Amino acid sequence: MGRLTDDDKRYSQPPEPRPPHWAEWLLSQFCPPGLEDELHGDLLEMYAYWVKTVGVQGAYWRYVWAVLRVIRPLPLFRAQKTQDYSQPNSLNPTMLLNYVKVAWRNIIKSKSFSSINVFGLALGMTCCMLLMLYIRSELSFDTQHQYAKSLYLVGSRATIGQNTGQEFPMASAPYGPALKAEYPEIAQIARLYIADEKSLLQVREPGKPLKSFYETKGYQVDSTFFDLFTYTFTEGDSRTALTDPHSVVLSDVVAAKLFGTTSVLGRLVRIGGEAGMGEEFKVTGVYQNTTTNSHIDARFFIPLASGELGNYLREGQLDFANNNMFLTYLRLQPNTDPRALTAKLPAFIEKYARADLKSVGFDRQLFLVPVPDLHLYPNFQSVVTPTNSITYLYILGSIALFTLLIACINFMNLATARSAKRAAEVGVRKVMGAQQGALVWQFLGESVILTFLAFLIALGLGVLFLPMFNQLTGKALSMSELFEPRTLFALLGMALITGLLAGSYPAFYLSLFDPAKVLKGKFTNSLSAVALRRGLVVFQFMVSVGLVLASFVIQKQMHYLRDKPLGFTQDQQIAIPFRSGESRAVYTAFRSEILRNNQVISAAGTQFYPGIANQSDMVFHRPDQSVTQGQDIRTNRVDFEFLQTMSFQLKQGRLFSRQFPGDTANRLIVNEATLRKFQIPEAKAIGQRLDFDWQGQTTPFEIVGVVKDFHYEDLHQPITPYAFLLSRRPSFNYIIVHVNTANMTNILGFLEQKWKALRPDEPFEYTFLNEDFQKNYQAEARTSRIVRTFTIISILISCLGLFGLATFAAQQRRKEIGVRKVLGASVTSIVLLLTKDFLKLVFIAILIASPIAWYAMHRWLQLFEYRIDIPWWVFVGAGALALLLAFITVTFQSLRSALVNPVKSLHTD
Amino acid sequence: MKRAFLGELEEVVLLTVAALQEQAYCALITQTIDQQMARSISFPTVHTTLQRLAEKGFVSSQMGGATAERGGRQKRLFTVTVAGQRALIECRLVRSQLWEQIPTPVLQLWGA
Chain A
-9 MGRLTDDDKR
1 YSQPPEPRPP
11 HWAEWLLSQF
21 CPPGLEDELH
31 GDLLEMYAYW
41 VKTVGVQGAY
51 WRYVWAVLRV
61 IRPLPLFRAQ
71 KTQDYSQPNS
81 LNPTMLLNYV
91 KVAWRNIIKS
101 KSFSSINVFG
111 LALGMTCCML
121 LMLYIRSELS
131 FDTQHQYAKS
141 LYLVGSRATI
151 GQNTGQEFPM
161 ASAPYGPALK
171 AEYPEIAQIA
181 RLYIADEKSL
191 LQVREPGKPL
201 KSFYETKGYQ
211 VDSTFFDLFT
221 YTFTEGDSRT
231 ALTDPHSVVL
241 SDVVAAKLFG
251 TTSVLGRLVR
261 IGGEAGMGEE
271 FKVTGVYQNT
281 TTNSHIDARF
291 FIPLASGELG
301 NYLREGQLDF
311 ANNNMFLTYL
321 RLQPNTDPRA
331 LTAKLPAFIE
341 KYARADLKSV
351 GFDRQLFLVP
361 VPDLHLYPNF
371 QSVVTPTNSI
381 TYLYILGSIA
391 LFTLLIACIN
401 FMNLATARSA
411 KRAAEVGVRK
421 VMGAQQGALV
431 WQFLGESVIL
441 TFLAFLIALG
451 LGVLFLPMFN
461 QLTGKALSMS
471 ELFEPRTLFA
481 LLGMALITGL
491 LAGSYPAFYL
501 SLFDPAKVLK
511 GKFTNSLSAV
521 ALRRGLVVFQ
531 FMVSVGLVLA
541 SFVIQKQMHY
551 LRDKPLGFTQ
561 DQQIAIPFRS
571 GESRAVYTAF
581 RSEILRNNQV
591 ISAAGTQFYP
601 GIANQSDMVF
611 HRPDQSVTQG
621 QDIRTNRVDF
631 EFLQTMSFQL
641 KQGRLFSRQF
651 PGDTANRLIV
661 NEATLRKFQI
671 PEAKAIGQRL
681 DFDWQGQTTP
691 FEIVGVVKDF
701 HYEDLHQPIT
711 PYAFLLSRRP
721 SFNYIIVHVN
731 TANMTNILGF
741 LEQKWKALRP
751 DEPFEYTFLN
761 EDFQKNYQAE
771 ARTSRIVRTF
781 TIISILISCL
791 GLFGLATFAA
801 QQRRKEIGVR
811 KVLGASVTSI
821 VLLLTKDFLK
831 LVFIAILIAS
841 PIAWYAMHRW
851 LQLFEYRIDI
861 PWWVFVGAGA
871 LALLLAFITV
881 TFQSLRSALV
891 NPVKSLHTD
Chain B
2 MKRAFLGELE
12 EVVLLTVAAL
22 QEQAYCALIT
32 QTIDQQMARS
42 ISFPTVHTTL
52 QRLAEKGFVS
62 SQMGGATAER
72 GGRQKRLFTV
82 TVAGQRALIE
92 CRLVRSQLWE
102 QIPTPVLQLW
112 GA
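Top to bottom, those sequences are chains A and B. First residue of the first sequence? That's -9 in the working numbering, and the numbers climb one at a time after it. First residue of the second sequence? That's 2 in the working numbering, and the numbers climb one at a time after it.
The shape of chain A in the complex, shown without the other chains:
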């Protein structure tokens, strides 16, 4: 072709810059209709212009920006100028009003369906609402303190002898002050001591009768306590309230109880029991007792420096190993990293506590637990008040969710089932020009309206059932919590989501109908819709059956816990507490007085009794071993007759007896677990020595008897070594009275009379041993009750849905049933025909639910040291129950339609 001309050279230059492909593609995809040509062309020209004026880079961005601005990507924003007739927007106010109208007419037209829907949803929402309130309250523990985010409790992980890893919240007295002195990032510390279960409060005012009350939840705290924890003082100054050892800070409730008024600054209260030792305390502050959501649910505070404890601390007991009886709280400086501090704590132990720990064969690691986490901290059974398990919150949360889900499923099922009825409406609307979007909005709107109706009912039900729910959960949730703006918003959000969720399937399903087919009357429920409906019913019953199974198993475990032989007699045992020095002083007199009654078989004093917390322990070691190989043994000091009174079963040796003058504080009666721990053969147990080291001195103890293992704690715990020691000095906390009578009122009257004769100004109190033991299962018992209640409700909702579906099925098959009857079908065969389908679904649900529930319950039972095996009949029982309920629900409808006179059902056409 010859030489290249100059012109040719020009064309062989690199190609001219082109606008970005992706932007061009976007333009071609989303260009407003009708403008494709001109926009493409114009933009191409503009690109060339921009390349000249602002360069390739600038042109690129301008092109992209221009494309983005001229296209209308979302269909909603796409100008609808292609149609020459105008069409109102789907969300036009007039249309909205129309939707509401249509929705209302539909609701009114099918009252039974609507009421099933609304009522089911309302029930589900009520459950969800109440459980949410409960969970919220459990999660909000201790968040009200001003410094909540920088408050920590010093926890310990102990290594005692061979046992490692046990975590406990208590520490010895010197930890707090030493930590504060060592680390500047600790702003303030406070220690708390839980004195006794109950204290005796007395007010003696001139000219008035003596007022005397037992009050629980009185704590001894450092004077810095209110510098960490926020309490609202109505009287007095929180900063100085506890500086004087003889001051007391009361909650307004206690103040009102003692003085009849809350304006009580400077008045005197005598506090008896372990805490106050019967001294007089001056009121220096009153706070509002609204802090129920705190793990420190205190009724009054007295300084740590008061009473016996004050003496102990003043004597300078700076032992870092023993007397772990203080809860030590830290407030960190702002912006302190708690992990960094935790990392320094091993060095702290090394520096301060190593020597003390070594002498008792004990090792510990310190860690920090954020105070707001304490209530749900998994490894502490209790800190100040009993803690809750997060597992139970998960259980309750899932129940809440499932109940709501079941209600939503009802809604979906009924709506799709009824779709045949509304198909014609959809067809007409579509023919009249309604777009799918508009129909979706209409159906969603309808379901949202129904949901809000349900929501209003649920609010009403919530208010109505709140007192019952409080009783069930042992909480004090109030209505005002329900109507707090934030809660209300959350609930409204929940209702909206529920409405959209429940309405979503029907909305998209119904709006997809092909108008041509529907209007020709060719519409039948498509296979997929029927399958989905069945699937949903199966799912619903799966949840219900699962819940039934769970509540069966929980129930059974609770019974097991209640009835398991514990190794001693718990019935007809009355425990009477001694709460003051004076009452302890009259122990011997009281005992001999009551033994005169022939209905009292025996009575004996003790420090602790099975069923209540026993924190007392000692580290013993065999004489041939060193203290580091020692074992931690729970100990209890008792009177001579205690073991007989409680009917512990003797295996070896003998029980304590007054006949043996050698029976002193240094003799032990141990349980079998102790022998196992020390590897002492049972036959050789009697006469064995166990040593106890205390401040460098070794004290020998001799085993004189072995009792059979018994449960001294609740059955979550395994049996561990336990030893009884004699207490020669009668300073017992309790006297256990074993009686032999059916007439408890009578014997209690007698005991009270004797008590009053000796301690006229102290109230007489008692508990029954078996009840105290049951208190340890309160959390489970409560969860069991909650699960049971909500199981019933969820089954109710499921059955409600089934009822609706059965009604629908019966209606749909009216003609068929009529024809069958005319041809001679029996009522039974028709009922069977209608019920069979549903029962099949329930049966499948049972099959699926059983293994899942088995696994879940198996996991739950692992929380207990002693537990039931899940018996096979539980599955059969739960399945039968579900089938029975479903059968009753469905049969009711089937029977009704089977009994209808065929003349009636057939002549309407």
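Think of the hints as simulated: they come from the structure by calculation, not from any bench. Quantities reported herein were computed from a predicted structural model and do not represent experimental measurements. Be a bit skeptical, because a hint or two may be false.
Unchecked claim - Across the chosen pairs, the derived CB separations fall in these ranges:
1. Lys507/A <-> Glu56/B: 38 to 44 Å
2. Lys507/A <-> Thr49/B: 38 to 44 Å
3. Leu16/A <-> Ala84/B: 32 to 38 Å
4. Val83/B <-> Gly483/A: 55 to 61 Å
What the hints assert, rightly or not - In silico EDC-like cross-links for lysine to aspartate or glutamate, where the CA-CA straight-line distance does not exceed 16 Å:
5. Lys42/A <-> Glu70/B
6. Lys744/A <-> Glu572/A
7. Lys667/A <-> Asp699/A
8. Lys42/A <-> Asp35/B
9. Lys554/A <-> Asp762/A
10. Lys554/A <-> Asp699/A
As the list claims (entries may be wrong) - Coverage of chain A stretches by chain B, computed from C-beta distances (three or more under 8 Å per stretch; other residues unrestricted):
11. 26 to 34
12. 46 to 57
Note that beta-carbon positions come from the ideal geometry of N, C-alpha and C, so glycine has one too.
Following the hints, complete the assembly by docking chain B onto the known chain A.
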């Protein structure tokens, strides 16, 4: 129909359409304004303004010839309608009236 009111931007675009006569299409209008009015204006702005003017009935449009530089695409050519002419004239009248009201000495002072 919306009240025929001419915004400032609309006025500029409409004037440009009138000035360009047979050649008035979006890209050229944009470039003209960009060059002559010493004022930066974006293509999409002109595009929407033209659409608004069409909605108001101030311009009419028809598809015009394609050229190679635009990848063989057609142009939409705009012409000023009678209503558009009226609006422009009215606009100019109002302005000149206001100009006339400014006292001559003042104008002289401005150097206008």
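We went through each hint and held it up to the structure:
no.	hint	verdict
1	Lys507/A <-> Glu56/B: 38 to 44 Å	40 Å, holds
2	Lys507/A <-> Thr49/B: 38 to 44 Å	43 Å, holds
3	Leu16/A <-> Ala84/B: 32 to 38 Å	35 Å, holds
4	Val83/B <-> Gly483/A: 55 to 61 Å	57 Å, holds
5	Lys42/A <-> Glu70/B	14 Å, holds
6	Lys744/A <-> Glu572/A	15 Å, holds
7	Lys667/A <-> Asp699/A	13 Å, holds
8	Lys42/A <-> Asp35/B	13 Å, holds
9	Lys554/A <-> Asp762/A	15 Å, holds
10	Lys554/A <-> Asp699/A	13 Å, holds
11	26 to 34	holds (count 8)
12	46 to 57	holds (count 3)
The structure meets every hint from the earlier list without exception.
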